[in-house]
Structure formats: structure tokens, C-alpha cells
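Top to bottom, those sequences are chains A and B.
For the first sequence, our numbering begins at 1 and goes up steadily by one.
For the second sequence, our numbering begins at 1 and goes up steadily by one.
Be careful, since some hints might not be right.
To be verified - A few chain A residues facing chain B, derived, Cβ under 8 Å:
hint : residue
1    : 8
2    : 10
3    : 14
4    : 55
5    : 113
6    : 123
7    : 127
8    : 135
9    : 136
10   : 139
11   : 161
12   : 165
13   : 212
14   : 255
Simulated from the structure, these hints should not be mistaken for laboratory data.
Computed from a predicted model, the values in this text were never measured in an experiment.
Even for Gly, the Cβ is constructed at its ideal location relative to N, Cα and C.
For reference, the chains in residue letters:
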Amino acid sequence: METIVFSTLNGVLYGLLLFMLASGLTLIFSMMGVLNFAHASFYMLGAYLAVTLGSVVGFWAALVLAPICVGLFGAAVERLGLRHVHKNGHVAELLFTFGLAYLIEEIVKLVWGKNPLPYTPPPILQQPLFTLWGTHYPSFRIFMMVVAIAMFVALWLLLKRTRVGLIVQASLTHPHMVGHLGHNVPLVFMGVFAVGCGMAGLAGVIGGALLVTDPAMALTLGPIVFVVVVVGGMGSLGGAFLASVLIGLIQTFAVAVDASLSDLLARFGVLVSNRSDLGRITLAQVAPMLPFLILVLVLIFRPRGLMGAREG
Amino acid sequence: MSRLNRRQVIGSGIAAAALSTMPLRAQGAPVKIAFIDPLSGFMAPVGDGGLKQFEFECERINAAGGVAGGRKLEVVGMDNKLNPQESIVQLEKAIDQGVRYIAQGNGSSVASALVDAIEKHNARNPRQTVMYLNYAAVDPVFTNDKCSFWHFRFDADSDMKMSAMTDYIKAQADLKRIYIIGQDYSFGKAVADAAVKMLGAKRPDIQIVGNELHPLARVRDFSPYITKMRAAGAQAVITGNWGNDMQLLIKASSDAGFNVPYFTYYGGGLGAVAGMGKPAVGLVRQITEWHANIPDIGMDDIVRAFKAKHRDLDYYYYRVKVMFDMLAKAMNDTKSVDVREVALALEGMEIKIETGTASMRKDNHQLIQPLYISTLAENVKFDVDNTGLGFKTDIKIEGPATSMASTCQMRRPAS
């Protein structure tokens, strides 16, 4: 029981962190058709800026300021780089963001050094919120869940219920029409890219404190975010949410369940000796592989993802 | 035209003069040590920190007059990306450049590849043999079944450390349930096997309630593992984790209020304490050959000098100092930088070091030196990672007590 409750909590938490990252990526992809390889780098920038700003203005101000700074940086990237590359098609865009990711990582290393930064949330968030069966649950983790869900709701409402959202959505499918109606479509795109990057920055402010703030943080979370976006369905916010939580739960439970691969295969009638190398692999050991396995399965059986609206 | 010709004549004269002094200068050329470790990628901070310390010790030896009659030492950093294949490439590159001393430490998987490659190279090229200075790869196999005459290890192997650690655990009567967690590769497995075997022999009443390997440098949130440990009723944890895996493990543990002692190899490693923070005080123990808060034994000025030079790093690899001291002594005693002669001089060498005595075992080329078990504490003289926290000694284990039987059957070069 204890294991189930905590694994669920941990899984949902990890899933929500993934969602905070994936939502920005999804937003940018669905609105602009740009698959931003550098997305996790904006996440990293968010964490580093939070540490730097936080030491001057405190954690709470940094929580607001760092994502804004990252968003502004994103706007500059769109205005000065991506917009010009856009003319040359998707491959050029992909390569551009790919290079950008590398560039940001190197710059971060130059500015902040190669070692992890000490980054801890303020004391009030470090206290345990509740204690179950002797395990503390830090309030920071709950705070993170609240922020993630608030972000999801706000984004949803913005896109579905406001005029801005209407224009943004229309710009996606009919940019010329929206342009003729007097809206500044390039500005809309710049805004979308900035907001998407800012969301990654926000995830960084929180994820950096939850996990580790080091130059490899983009590299470790980057691939899995793409898995989330693809599994959820390219461009679907709801899908990204579902896929994040699903992957978070699957990965956490795989670690928590003390079973080996041979036990699992035995359930399906395949007998593998406990002594063999294959049989001795535990489910926990393959946990990091599972998201990618799901990715492959989804691409084979349901290429548009769980909730993807568009085909191809 | 004629002026130009004259200039050419003068120029070639200078060139000829320079050439004629070449052999003389070559004798005074620096003795190069190739430092083959990760200088880029995920574990780059660890390799980079090691390189800085190598350069620091190298400068110290040079300032004190160099080796073998005034020759300088020089450290050349070479990036292996923590990859065995890449390490072999770098090794060949180093040998081509005339480097005869190779140093490496991070990753026993890399060390294994280097031991093989150097053994083969030296068998084929007896006139240009290469020495392998291992400062941190602690898989016991390199001084046992896979031992090599050309390999010298300056860190205690994982069995020696585990032996000392389990001796310490033996005295803790109230410990009954221990969890073992490690990284899924040769080193993590060696630690787990040694822990199971030694605890079984010394404290059969202790139950090993979990023995788990997790993927190396892949896990971001260790909370699920902590949940599992708690569910298993663990009272203490043994781990050989290093780098990010160390930080994240302890961080998840303190977040969950899972306050049990951790017996670690690298709790004081680069960045670990910064990641763990205050909750780890009193709980994280490490076993090392030295730490900065051993009451002044003549190291304080060195620690300060290093810190003054590298703000973000701490003086960590005391064994690298011992290594340089022994290497310099071997070169000075033999007045030679020839690998074979230096190797023979290193064997069985015994020197005084700040913590006591260090001696290089002749039978398997394992350094025997005192070890310390220390615990993370507040209010210390020297902190780690600029956190205000540092280590305090629990016990010191004298060198001879750490020595273990070896299965090494060394193939020695024919004399």
C-alpha cells in the first residue's frame, strides 16, 4: 500500500515535470510547426537564471523573472534566427535548433562552469507537508504539482477561451487570412515561441531545484520530452498531459516493482532461466528504456499518438 | 638578389646551429604524462577536476627542481569521453607523440581497456614501453587476475575500502538491515559483491534487504528507489555511486526524510555535497585516503593554495600527490625517466606521507596507505563545494590493515 501510494505520487510528480517541459514544446510545434530541439536548453537556462537571479532577488522573484528572461531570449532567437531560417524549410529549422542546443550548453559551461550549482528551494518549501508511514513529502513537490497544473489550465484557457488564443490558432492554419485581417502574424509567432520558451524556463526554475542544476540537465531530459510529445500526439496539449503522467507512472512503478524480466515473461508463458543474463535483468533496470519502447510501439500502432488530431 | 641570398645564408646558418643543439635540448625536454579522462560530456566536471589537480601537483614537482636531474614534468590532458574505444585512440595518439606515462582514473571499464592495450603495446614494443598510472579506477581485478607489470594503482581498490567499511559496520551492533545500491557496471557490481561477501562473513546477523543496480548516469529522481528502501525497512545504505548519481541519491533520500546512515565511496566527490546539502550532515560517511579536516598534518597550506587557484574546486585527490611524489622519487633515484627502470624503482617503494606511510606492493602494484572513514559535519575548517559543510574523521585505518590477499600472477619483463 505504502509503495503504491508513494509510487503514484512520485510518478505523477515526475510526469508533471515532464509535462511542464512538453507543454511548451507542444505549443511551439502545434502553432508554428517547429520541432524545437533546443527546448530542453531553455529549461536549463531557466534553472541557471533562477540560481543567479535568486541569489540577488530571492527565490519567489526569480520564479517570475527567470521564465520571463528565458521568454525574452526565446523571442530574440525567433526574431533574429528562426524567422530567417524558416524560409528554408523544416530541415533547416531542425538543424538550427539542434545547433542552438549545443551552443547554449557550451555558453552555460563558459559562464557558470562545468560543475553542478548548489540550488535549493526556500526553507518554507523544504518542510515536509505531510508524513505518511514515516516518509516525508516535501511541500516543494506539491508546490511543483500545483504550478504544473495551474500552467496547464492557464494555457488551456488562453488558447480555447480568449481572443488571443483564437488569433493564434487561426494563424496556424490560415496565416495569410489572419494577416489580411490586420493581425501581425510574425509577431504572433514570436509571441508563441517566447511563451513556449518561457514555460520551459519555468520548468527549469522548478526542475533545477528538484533535480540537479548542471550543464548536462538539458541532455538528460531532452530525449524523454520528445517521447512525451510524440506519444501524446504531436501538437496535442491534452495528449502531452496524458503521456507525461503515463510515462512518469510507468517509469516509477517499474522501479518500485521488485520483479525480474523472467518473472514478467513467465506471465506470458515465456520461460527464461533466472540464471541467464537476460533473466536476471530486473524491471527496475529497464525502467529508463520503457519510455522509448512505448515510443516505438506508438509509432508502429498509432502514429498520430494518443490524442493527436492530425494525421502525418 | 644578393641581399636576399645573404639573408638566406644567415638563416640556414641559424637553422643549422639550432639543429646541432637539438639532441642537447631533447635531453632537457619535459617528461610528459598523458591524462586520459572525460574532459567533455556528462562526466566532464569529474575529469576536469582531476586534470587541474594533476597540473597542480606537476607544478609543485617542477618548482621543487623537477625530476632526474632537473627535467620538468608536463601533464597533457586528453579527452576520452568516458569511452573505452576513445581511450585507446587517445592512448595511441599519446604514444605517437612520445608520451611514455599514461594516467587515468574515471571508470573501471576504461581502465580495463587501457590495461589490455598497454600490456599488448609493451609486449610488442619492448624498447618503448609505457607505464599506466591509475589514480582512481578501483575495480579489484586490476591488481588481481588482470594485473600487469606496467600498471600501478594509487587508490585503494573497492575490496580494500569495503573491508575497512565493513569492519566499521561490524562494531555497530544495532544495524540489522542494510540496503545496497550501485551503478550498473563492473565497479557497481564489484562493490555489491564485496559488501554481500564481507558482511556475510563479519556480521551474519545483518540482513541485506535490497541489492540493486541502477543505470549509470541515467536516473534523475531517486525517490522511487528511496520508497523501495523504506518499504524494505533498511537501516543503512551502502553505495559506490559517484558523480550525479551520488548527489541525486542522497538528495532524494533527505527530501523524503529517509534519514539513515549512508556508507559511501564518493560522498565527498566533486559536487556531491553541493547537491546533498545540509540534510546529509551526520548521515553521509565516506571512505578515502585523506580529507581536508584531518588536524593539520602539513596539508593546510597546500589545500589553501589549491583553493586560491581554483575557486570552484577542492583539493580532493591526495593520492595524486602521493603518486607524483613517488614517481619523482623513482625518477630521481634512478636518474632516469626510462619506464622500465622507473617501474622497477616504484615496486616496493616506501615513502613517508602526511598521513603516515605509503608503500607500493611489489607483488601486484597496489599502493598501501592509511584510509579514513569520515562523516559530513558542520563547523569544519575546510568545507566542500563552498557549502560550509565538510568531513570529520570517525576512524583511521592504518595502511597494513587495509592490505588484502592478491591472486595476481605478474608477468615480469625479461631482464
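Hint check: 8 Å Cβ-Cβ cutoff, residue 113 of chain A to chain B: 5 Å, holds
Does residue 161 of chain A pass the interface hint, meaning its C-beta sits closer than 8 Å to a C-beta of chain B? 34 Å, violated
Chain B contact restraint on residue 255 of chain A - CB to CB distance below 8 Å: 4 Å, holds
Given residue 8 of chain A was flagged as interface, is its beta-carbon under 8 Å from a beta-carbon of chain B? 10 Å, violated
Min Cβ distance, residue 10 of chain A to chain B: is it shorter than 8 Å? 5 Å, holds
Residue 127 of chain A as an interface hint toward chain B, with CB separation required under 8 Å: 10 Å, violated
Once the shortest beta carbon distance from residue 135 of chain A to chain B is found, is it less than 8 Å? 5 Å, holds
Residue hint residue 14 of chain A, partner chain B, criterion CB-CB below 8 Å: 6 Å, holds
Hey, does the residue 165 of chain A contact hint survive, CB to chain B under 8 Å? 33 Å, violated
Interface hint for residue 139 of chain A, Cβ within 8 Å of any Cβ on chain B: With a closest approach of 11 Å, the residue 139 of chain A hint is violated.
Interface hint check: residue 55 of chain A, Cβ to nearest Cβ on chain B, cutoff 8 Å. Holds or violated? This interface hint is violated because 13 Å lies over the 8 Å limit.
Status of the residue 123 of chain A interface restraint (C-beta, 8 Å, chain B): 10 Å, violated
Hint violations for this structure: numbers 1, 4, 6, 7, 10, 11 and 12, all remaining hints satisfied.
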